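Asks: Single-letter residue listing:
There are 2 protein chains.
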Amino acid sequence: MTVNLKVPLKKTILNVPGFRFLTFGAKIKLKNIKNDIVIVELNKNSKTVAVFTKNKFCAAPVLLAKHNLTLNDPQLFVINSGNANAGTGQKGIEDAREINRELGKYFSLDPNLILPFSTGVILQNLPLGRIKDSFKNNLANIKYSSNWIDAAKSIMTTDTVPKAVSKKFNLGKNEITCTGIAKGSGMIHPNMATMLGFIFLDAKISKTLLKDLVKYVVDRSFNLISVDGDTSTNDAFVISTSNLAQNSVINKKDKMYTRLRNNVLEIAKDLAEKIVRDGEGATKFVEIEVRNAKDLNESKIIGKAIANSPLVKTAFFASDPNLGRILSAIGNAPISDLDVSVIDLHLNKNIVVKNGMLSKRYSEDKAIQAMKSKEFKLSIDLKRGKEVATILTTDLSYEYVKINAEYRT
Amino acid sequence: MTVNLKVPLKKTILNVPGFRFLTFGAKIKLKNIKNDIVIVELNKNSKTVAVFTKNKFCAAPVLLAKHNLTLNDPQLFVINSGNANAGTGQKGIEDAREINRELGKYFSLDPNLILPFSTGVILQNLPLGRIKDSFKNNLANIKYSSNWIDAAKSIMTTDTVPKAVSKKFNLGKNEITCTGIAKGSGMIHPNMATMLGFIFLDAKISKTLLKDLVKYVVDRSFNLISVDGDTSTNDAFVISTSNLAQNSVINKKDKMYTRLRNNVLEIAKDLAEKIVRDGEGATKFVEIEVRNAKDLNESKIIGKAIANSPLVKTAFFASDPNLGRILSAIGNAPISDLDVSVIDLHLNKNIVVKNGMLSKRYSEDKAIQAMKSKEFKLSIDLKRGKEVATILTTDLSYEYVKINAEYRT
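These protein sequence lines are chains A and B, in that order.
Just so we're aligned: the first sequence equals residues 453 to 861 in the numbering used here.
Just so we're aligned: the second sequence equals residues 453 to 861 in the numbering used here.
Hint data in this document are derived by calculation from the structure and do not stem from the laboratory.
Careful: at least some of the hints might be erroneous.
One copy or two, it doesn't matter: identical chains are merged, so the pair holds either way.
[Unchecked claim] The calculated DSBU-like cross-link candidates involving lysine-lysine, where the alpha carbons are at most 35 Å apart (straight line), are: (1) Lys506 x Lys829; (2) Lys705 x Lys824; (3) Lys588 x Lys812; (4) Lys746 x Lys826; (5) Lys483 x Lys829; (6) Lys496 x Lys663; (7) Lys812 x Lys854; (8) Lys854 x Lys806; (9) Lys854 x Lys481; (10) Lys705 x Lys584.
Predicted model only: the values in this text are computed from it and were never measured.
Next comes chain A alone, as it looks inside the complex (with noise of 0.2 Å):
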């Protein structure tokens, strides 16, 4: 179930210059017979700058590759579906320097400069046997791909569409072509689900301010979903410029940087988007606008405490408008002086409580209208700041347990 998500057209997906990738399968599931492994090349002059999970079950890949990302700018990704390498402690990361090293020999590469992703099962060694073979078959001759769509198919678990977007836009007089792809798959604890997201540009800019833009973008586009970024075993947030664009370099952050920062941002926001709407067993998409808070942490604490409340997200699968379960959610978010005497709520463009209560305006068959559509809104008004974070989420339906009680089987 998707809601409202369809495959990008191949057309739109635009080739970013300085980036080759190819795809091909391993059967790192033995009865997979999709394509599960990327392989994306950078050119020299390449940079990356990357964020990972905060789980101390961290996984051995993210661990490779927060080391390697100190070392120097990587010039090769190679990106798995089917395995998470997670919980595999010192052999996890000795299989992943293996892989590193077998695919170091092909691209004539220092291992080194080779960052891993995986994502999957949890628990389990990769398979290395048949992932060197699928090297040899698809490495010895290499045939690059120039359809991000199967780059995105590749790297799904659970998703069941893939998820890419491009961008053409203008910094000055020259051009620059942004491609972002992404994969997530569990949706109803944000610190469970596993994503990946990258996103390819040629814009020149410098590290210092790449870095900085990785940290604005993904706190407002990847961290705002109920698939949150910072918690899994193996969630990454990557990107990667090939610095081949004719734009002078971006290294003070001056209209050209916040040109650049807003285009990026839309790419993310639109990736983060279509994780949700993709969300296990989701029938619905929901925004949750948590307005006037003191700062943007409170509003995001407050907006995950109702999207991450089961009870919340049955109501909504139920189209019940059990609204009083939003203001229970509310209290429980750890904010301690938070006064729910003078919370307002909306649904869509009506008043649902009104001061901490539900209003006389309050119309049910308004309420039960609004919430029967694939789509709606929530807008908490706080009233005791400027702040404001929407996230994004879905409900908790019959398919949602389905796929995750099916999953490894």
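Position chain B relative to chain A; hints supplied.
Replies: Leaving out everything else, chain B in the frame of chain A:
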């Protein structure tokens, strides 16, 4: 669905000297035909201590009960199901006061000596008219009940089995009688479920030690299940003693106190366990033991991180030993200095994870066999201290979604 839980036999549930009660129906939910009001009369010398939800959207009856407890020991409880009187603002408080005033007339009591308890739908006003009518019909000529199972039934919402436990024990040569009733509905998210627990006994004990007893008992019973006592809008746990037993007053932490505490804890643990076994949609009963933690709180946090993960719970439902999800849940628990590379995990007596990775002695067949059972135990060894806590929880099934999607209809 329940997991190995039966209606208690009437003869096993004892009347406690000093407490009288009756139950009747007020059609608080219009369609309800079951009794939905319980009134408990406490003798003049009784003492009562209670702990309530920490939810900031806490309900009107919670605010009033807390207030009245600061004045004098209560003489009457009025407990209703069907409506939580939460998210009802000042009107909700006035309604609760009005009910107390009305009851005060029938029982010739100061309304401040009455404690109200409500659970049920949030954001709806109590049907005052129907409640007052029910008082007129049932309190003009009071017929007390002697069957506590009826009381346990009347406070149920989505519970399927009434929960009551009794015990007689001696303090020295003096016999003490103790009876508890409880209700608990949701179960998946500790800060959403609505739980009530009442324990009545006749032991003589000082108010100071009764306060100590409540805290000790709730922390080791209701606060260790995934229906957490401290965060819904209406949760309450209450111990009342009539002081009618013949023991000399317990006023220091001596052997007698310890003996009393252990007996009351046993009742409370039994009630809490019953709430889990009757958890919404439950098909499995799972114990999660977290051993060798630095402190009790740390083991609770980790146990609940596992118990509240939808991905873990759906794997329980599927009898699928996708045990990596447990590691991921541990890695997400907010314990900043946790060393995951030393952690062991057992499923019943079989080792799964040794030092943070899959044990060589792990047997998938044995794991599946264990998880196919209706009850099993996970044991996590943190190897960093000496404390242990055991969280009780269930799986997440289709039925859970169904119950919560259809709750109001």
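Asks: For every hint, state whether the structure bears it out.
Replies: Against the structure, the hints come out as follows:
Taking the shortest Cα distances, Lys506 and Lys829 sit within 35 Å of each other both inside one copy (30 Å) and across copies (28 Å). Within a single copy, Lys705 and Lys824 get their C-alpha atoms no closer than 45 Å, and across copies no closer than 58 Å, so neither meets the 35 Å cut-off. Proximity of Lys588 to Lys812 under the C-alpha cut-off of 35 Å is restricted to the inter-copy arrangement: shortest distance 30 Å between copies versus 70 Å within a copy. Only within a single protomer do Lys746 and Lys826 lie at most 35 Å apart by alpha-carbon distance; the minimum there is 31 Å, versus 47 Å between protomers.
In this assembly of identical chains, Lys483 and Lys829 lie within 35 Å of each other by CA distance solely across copies; the values are 31 Å between and 40 Å within a copy. In the homo-oligomer, the alpha carbons of Lys496 and Lys663 lie at most 35 Å apart inside one protomer (19 Å), although the nearest pairing across protomers, at 70 Å, exceeds that limit. Proximity of Lys812 to Lys854 under the C-alpha cut-off of 35 Å is restricted to the inter-copy arrangement: shortest distance 30 Å between copies versus 40 Å within a copy. Taking the shortest Cα distances, Lys854 and Lys806 sit within 35 Å of each other only across copies (30 Å), while inside one copy they are farther apart (38 Å).
Taking the shortest Cα distances, Lys854 and Lys481 sit within 35 Å of each other both inside one copy (20 Å) and across copies (33 Å). Proximity of Lys705 and Lys584 under a CA criterion of 35 Å is satisfied in neither setting, with 45 Å inside one chain copy and 68 Å between copies.
Hints 2, 10, counting from the list given before, are not met by this structure.
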